[in-house]
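S.K.: One-letter residues, chain by chain:
2 protein chains.
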Amino acid sequence: MKNPIIPFSIAMLSIAITYSAFSQGVLPTTVPVPKDNSMTATKIELGKQLYFDPRLSLTGTVSCNSCHNVMSNGTDNRPFSEGVHGKMGGRNAPTMFNAAFHSVQFWDGRAATLEDQAKGPLGNPVEMGMSNGSEQEADRVKQIPGYITEFKKVFGGSDPVTLDNVVKAIASFERTLITPDSPYDRFVNGDKKALDSAAQRGLSLVKSSGCLTCHSGALFDGPQLPIGTGFYMKFPTYTNNPYVKKYDLMADVGRYTATHNPADKHMWHVQSWRNIALTAPYFHNGSVKTLPEAVRVMAATQLDKKLTDEQVTDIVAFLDSLTGEHPKVTMPTLPETLNGTLTPRAQ
Amino acid sequence: MKNPIIPFSIAMLSIAITYSAFSQGVLPTTVPVPKDNSMTATKIELGKQLYFDPRLSLTGTVSCNSCHNVMSNGTDNRPFSEGVHGKMGGRNAPTMFNAAFHSVQFWDGRAATLEDQAKGPLGNPVEMGMSNGSEQEADRVKQIPGYITEFKKVFGGSDPVTLDNVVKAIASFERTLITPDSPYDRFVNGDKKALDSAAQRGLSLVKSSGCLTCHSGALFDGPQLPIGTGFYMKFPTYTNNPYVKKYDLMADVGRYTATHNPADKHMWHVQSWRNIALTAPYFHNGSVKTLPEAVRVMAATQLDKKLTDEQVTDIVAFLDSLTGEHPKVTMPTLPETLNGTLTPRAQ
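Quick mapping for you: the protein sequence lines, in order, are chains A and B. For reference, each letter of the first sequence is one residue, going 54 to 400 in the numbering used here. For reference, each letter of the second sequence is one residue, going 54 to 400 in the numbering used here.
Hints were generated in silico from the structure; no laboratory data involved. Some hints could be false.
Remember, identical chains collapse to one label, so a pair may be satisfied in a single copy or spanning two.
Cross-link-like lysine to aspartate or glutamate pairs, in silico, DMTMM-like; alpha carbons within 25 Å at most [unchecked claim]: (1) K260 <-> E98; (2) K245 <-> D192; (3) K342 <-> D301; (4) K88 <-> D212.
When you get a sec, could you build the whole thing from the sequences and use the hints?
M.R.: Dropping the structure here:
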């Protein structure tokens, strides 16, 4: 008993097949950069400071890195993250490693660029807790004189500390966080020993089983589309399996929460497989703890298939081969709070 | 109207004068290392991972670095720090830069070594929230397979993941966090241009005013004493000034909370001046926001003196010269939570 695939889903499927099915390739070593936000060494360094600075949150305790931890493969390995005042988020924090390659950001694709994405957590009441859309974040940064100096150096002008420039700097730093040279990339580049036989069997299986129909391209997240054009699929597509209830996969209606378009109910931005072995727990609600179980869930909910244990093991071996080299990051020095006048708890 | 100095305080004063008054020197570039905890490259790296790992706290959100931030000169620039469940600590978080040189740790000197100190926040219900003195911290670490492998490599044995080894590794990393080569150090080493005339006047003033009677030695924190032998002074010694009430300096009884010895009431471990310009706000309760005000408070409460504005400016210029070179620290990669089985919120 199969559930009908909704028309929108079929449309997206045909895009996938037309443009890039099975055209998996090497992870690029350069990222797309917006015309109005060129990457410079000083901007990247400023963005790194801001990324690690907990003073950008209402309580002064939560930084971008708290949930998207550079030291933990870009995640916090929790189902949901804890923001200011111990409040819990409602979707699993995705890694920002390789997010520079995504055509949209967030599970529901509600931001087109890394710049737009960075505004989200800053202004989210259960994340960093600042006032969404206001310049409260910029006002906080302005209280730290070292930042004023650095923003002037990077952006010029007399009043460069704006929310737009804050997120431009953060996005520039994030664009350095890519992970090339995985065993799979070396394999594609000709090193046939880079994948062991289990991983090679896994690669054949994800092709023959239909996984790559959606998880196509170098990122394994669908066709390469213009920035802002997300590739979405319905999840779960098939509900005739025990996983849907067990992992509560229908509770969150996905992209509908962003668009309020009924056709977007349970549609989700297709996630990259890059470094997937390091980013447990899985899915938008972080309900699945292990990668083998995530593979079983996807086979059942998206392909209406039941894999054997051997098949699961082989697919996981292949997914393991998508773990790339994470860049070495030197810790920034955060500009000091001038004379202790910033006492975030008092905000 | 002067308050009587209590006998214990006089005794400590005489030690200071006998052993090292006015013998300010260059910050050493090597630290004392306990015989049973030699520093090795792998142990330092393991300690760095543990230092930055929020999974060592009950909620999985607070690491050593949350309050003693390597990127913020070892502090969080807040009066009190926020631990698990948004709970607030009761004393200002001291920097761990150069703490390896201290003869005791904590404001009240209740730990002799960095190893003992590290156990404190882990087991403090308003800091990292683990069960004090139990092996709960070690049990948490054991849930992360990568740590088991690394502990075996560093410490050997079949069950090396113990609380004692956790803090040994953390202390080894902390012993790398020293800040030599301040302008003052270069000045003492013969570069007479390293201090400008204001800073040089400030140096003369801290000598002639009596500040160095207690703030002696290369750390400006008193005589070099054997590890475990702290140098304590009464603060405030003089209460005939407006600061005692304004900054609520009598509310916390200091070392008495650790010893319950009446002679220890309002006794505090004398704090180092190294990097003091970067560690606002000041004093055990973080009540004083600026360094000039901290200088005025100390002159009044410890020397019964009122400084002119010019004197304060010069002393601050000298204190600024005690900011050393902070080491460049590369971010560790934290071993992953195996298959998402560590879900701290569920603890």
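S.K.: Give a verdict on every hint.
M.R.: So, going through the hints one by one against the coordinates:
1. For the identical chains of this complex, K260 and E98 are neighbours neither inside a copy (41 Å) nor across copies (41 Å), given an alpha-carbon limit of 25 Å.
2. Proximity of K245 to D192 under the C-alpha cut-off of 25 Å is found in neither arrangement, the shortest distances being 54 Å within a copy and 41 Å between copies.
3. Proximity of K342 to D301 under the C-alpha cut-off of 25 Å is restricted to the intra-copy arrangement: shortest distance 14 Å within a copy versus 50 Å between copies.
4. In the homo-oligomer, the alpha carbons of K88 and D212 lie at most 25 Å apart inside one protomer (22 Å), although the nearest pairing across protomers, at 55 Å, exceeds that limit.
Checked against the numbered hints given earlier, the structure breaks hints 1, 2 and satisfies all the rest.
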